[in-house]
Structure formats: C-alpha cells, structure tokens
Amino acid sequence: MRLSGKNQRHSRHHWSTNLRRLLSPRTFLQRHAQVALDSLGRLFRNGVATLMTAAVIGIALALPSGLYLLLDNLHRLSGSWEGQASLSVFLKQEVDTDTARRLADSVASWPEINAVQLVTPQQALQEFSEHSGFADVLGLLEDNPLPVVLIVTPATGQTDPAASSALQERLSDLPETDLAQLDLQWVQRLAAILDIARRGVLIISALLALAVLLVIGNTIRLEIQNRREEILVTKLIGATNAFVRRPFLYSGTWYGIFGALLAWTLVEAGFWLLSAPVGKLVGLYQGDFTLETLPLVLLGLLMFAGVLLGLLGSWLAVGRHLHAIEPS
Amino acid sequence: MIRFDNVSKRYPGGYEALSNVSFDMQTGAMAFLTGHSGAGKSTLLKLVALIERVTRGQLFLNGQNVTRISTRRIPYIRRKIGFIFQDHHLLFDRTVFDNVALPLIIAGYRHQEVGRRVRAALDKVGLLQKERLYPITLSGGEQQRVGIARAVVNKPMLLLADEPTGNLDPELSREIMNLFASFNDVGVSVLIASHDLQLIGELDYPVLSLSQGRLVQPGADAA
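Chains A and B, in that order, give the protein sequences.
Following my numbering, the numbering of the first sequence begins with 1 at its first residue and continues without gaps.
Following my numbering, the numbering of the second sequence begins with 1 at its first residue and continues without gaps.
Only chain A is shown next, with the shape it has when bound in the complex (with noise of 0.2 angstroms):
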C-alpha cells in the first residue's frame, strides 16, 4: 500500500540535529545550572525528608572526622611531650657527688647524648619536699636516703623507641648505675595505642562511608521510583540516559553537601563543646595545648567526601533502576 501526501514540499533539513546548538559550551552550562538549581528546589520542596537523610549523611560523616581530629590532637600532645623524653640514672648510694660528677661529664660526650644534668641528694630532697608537701616527715629523717642522679637528655634524632631503649641499656651497664630508667616510656606507649586507636578511626570511617552511600543510594532510588511517570514521558519524547540521569546525580551531589556541611557544623561544636574541660584540664599541668580543628581544611575535607560519596551513591541507585524504567 501507498500513501501519499498532499504536499511534498518537506525538505529533509531539520531531521539532521543542529550540532552546533547542542554543542555551545554556554548552552551545556545554562543546561547543567538548570538541572542543579532544580534538584535543589525539589529538595527544599522535599523538606523534612531531606533534612532527615542530610541529617544521617551528616552524623556519619561527623563521627568518624571527629574521632580523627580527637586522636590528632592527642597526638600532637603525647608529641611534644616525646620531644623531651629523658632518662634518669640512678647511680648507686656509694657513689659520691664529685665521682657522679666526673662520670656525668663522660658521659655528656657520647654523641648520642645532648645533655647530661646532676641532680645531688640534698637538691632532690629539697625538690621533693617543696612539691609532695612531706617537709615535715622527710624533716624528722637523719640522713639522706636519695641517691645521685643523672638526668640524660638524648640528642636530637635519639628519641625513638630503639635509640631510647639502646641507651638505656649503654647506662645500665656503668658500674656506677643502679638504675636507668626511660621517662617517657608510656608516652610512647601511647603513641603505639593511638596508632592501633587510628586504624580502628580508619575502619570505622570505611562502614561509614559504605552507610552513607547506601542511605544515599536508597533515597535516590526512592526518588527514581516517585518521578517513574516523568522518567518515561521525557524516555518516550527522546530524552538519553544522560539526560535522566542527571538530575538524581545532583540530588545525590546536594545531599552530600548538605550532610558535610551538617558533619563540619557538628564537628566544630563537639570541639568547642570540649575546648573549656580541655582547657582546664591542661591548667592543671601548666601546660599551653588547645584543642585544634583546622575549620577549613576540615570543611574541604568533608565537602570532598560528602561530594564523592552522594554522587557515587547515586550513580550506583541510578545504574541499577533507571534502565528498569523503559515505555512499553
């Protein structure tokens, strides 16, 4: 059978697409601002959801940053008290001040030592009585019963866990030597602890992530199943894939953002929730150390995980359920 028209007049110009149009830079911007101001709109139409999701996103984003930021800081702080581990030697009774003062003076010249400092029987005993509040006790004793001893200061470049250890076994060995003991020793078992501590922060943080992709991924599915009817209107009036892809990728993008910037808001006011107990607490060691966030590498941090986890997220929800969604 044949039809023919009325008219044969149609040219076949405008069935070839117009490459020019689609190809403008401007254009495809124009494009892009449109379909993420609209995402936007739809989330802020959304309200309560979308604070509730952002709200998830956000508290798992908090969580595993601000136990990162918690152990960063005690580390800084067992650091700086690292910097000053020293060894006390405690020479034998019999030993007297000048002898201890002769093997103080050797021993300053190894080249793994920095400083050697004495520290007589009556000055230790002074010291002792001005901070234990014993005066009068150690007053009523008739002699006393304090050795000499050698404060020793590593060199710079002497204080990790093997050198500490070697050159307490090198003063051990003196004959004069009761005793040689490493200051510092829990400091660096801290260290080791908050090592082992920042792997598990490591571990949490990947469930985590993996949560928070999930809960993404099951909102925008949910997303994708509320707007089916649009979906293939726009499938069936020749829209591509990655024309209705698009705006779930941003709704994912946004709600990353959001749940950073609710993560950042969290963070920060944890901190400065513990800043004054901090504060006090490090008065009562004379100490200067404050709680340290770093605001914007912090927030840059987040935006960037919140960012790559929404669009992935989201990506993965719109992988498996868009193509489920074909006219027929």
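Keep in mind that the hints were calculated from the coordinates and are not lab data.
Relax, there's no trap hidden among the hints.
Residues from chain B that face chain A, not an exhaustive set, calculated with beta carbons under 10 angstroms: (1) I51; (2) K80; (3) F83; (4) D93; (5) G108; (6) A151.
Note that beta-carbon positions come from the ideal geometry of N, C-alpha and C, so glycine has one too.
The hints should help you fit chain B onto chain A, whose structure is shown.
Same frame as chain A, now just chain B:
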C-alpha cells in the same frame, strides 16, 4: 516517511501482533490507522516510535533503516517524532509552559529560544493564555491540546497519535482532527490511530485498516 517492509511483530510468549505488514507512507502525507482493539494499531505505532522492536521484516523512517538501530541512538530518532497519547501523559507537577517546553529542554535549546517556541506552539493550539496554569485545572480537550503543543513544539517531521480523540466528545474530536490537518498542511507527516470511523469517514485522508495483525483493503474492515 514510514516504510514497513513485510514487518511482523511477535511478543515474548508467541503472540503475533502484526503479520507481514507492508506500506509506504510518503513524506508530507496524513493517514488514519483503524481496526478493532487488539488488531495491532498500538503495536504498529510502538514499532514506529521504537518502543517495541521489529521481529521480522524491515522498518524505514525517512529513508533510514531503523530495524536494528542501537538503543543509544533511539532518543535522537524520537526527537524527530511528535507523540500524542490518548491519556496525554502530561506531568501534573509542572505548568503548561514547562510541559510543552520539555522536548526543547531535552534537545538542549537556549533559554530564549525555548520561550519563543513554546509560546508559538501554545498559540497554535489556542492555549497561550493558560501557560502558567497546571494541567489538572484544564478540561480534557485542553489537556489534549497541551499534549499536541508538546508534540509539535520541536517541529517534528512526523506526528504519531494514538486514539487522540478517545476521551473527547464529537465536536472537540473534530477540532483536534482539524488541528492535525493544519499541521499536515505545512508539511508534517501525520499518522493517527483511531477507531472513530464516523469521524474518519468525514475526512478525506487515506486509511490503513488492520485486522488481526494484517493490513486489509480500506473499507473492508469497516463492517
């Protein structure tokens, strides 16, 4: 414009909706597609719209063989075809303007161009005053006309309409058909599936009659 070359369509499960259908609709033609429900009208339109794919035979659109066209290229073919559905498929969360603008947004037109073309299309269907309204506030005939404006806004070469007057009273139906005729007058090819034989009889256009998936001679199916 549309050429079917011994086309058959068999759905999964074995039901053959179209058998050895051949016809050639020239560019600039307007034709009706009739037949009882189940005769294959919808299937034929779906094949042209590339919603369903041909099982056997060849399908040409504007001289291009689209029988085995890749899924990725289908959207670009669809942009050159305007669809009108019985139930409009309008998006009820957007204004009339935004509904009509959709094909232009998809095709990536400039903002100013979109406004100009949408108003031209709305003017053609007589709804220029209602661009800010939501489709839900419009009557059935008006909604159908919004659907038509959306189909023609992109200046397609081919209009496909599936029972466009199915829900309308005779007077409105005639109005809609006249609208299609006016698009045909400026060179757009139009294929309309309809079972409104009385209305088709009043208009002087070729008729494709389907019966049980086969083309029959015009008029033979009318009884």
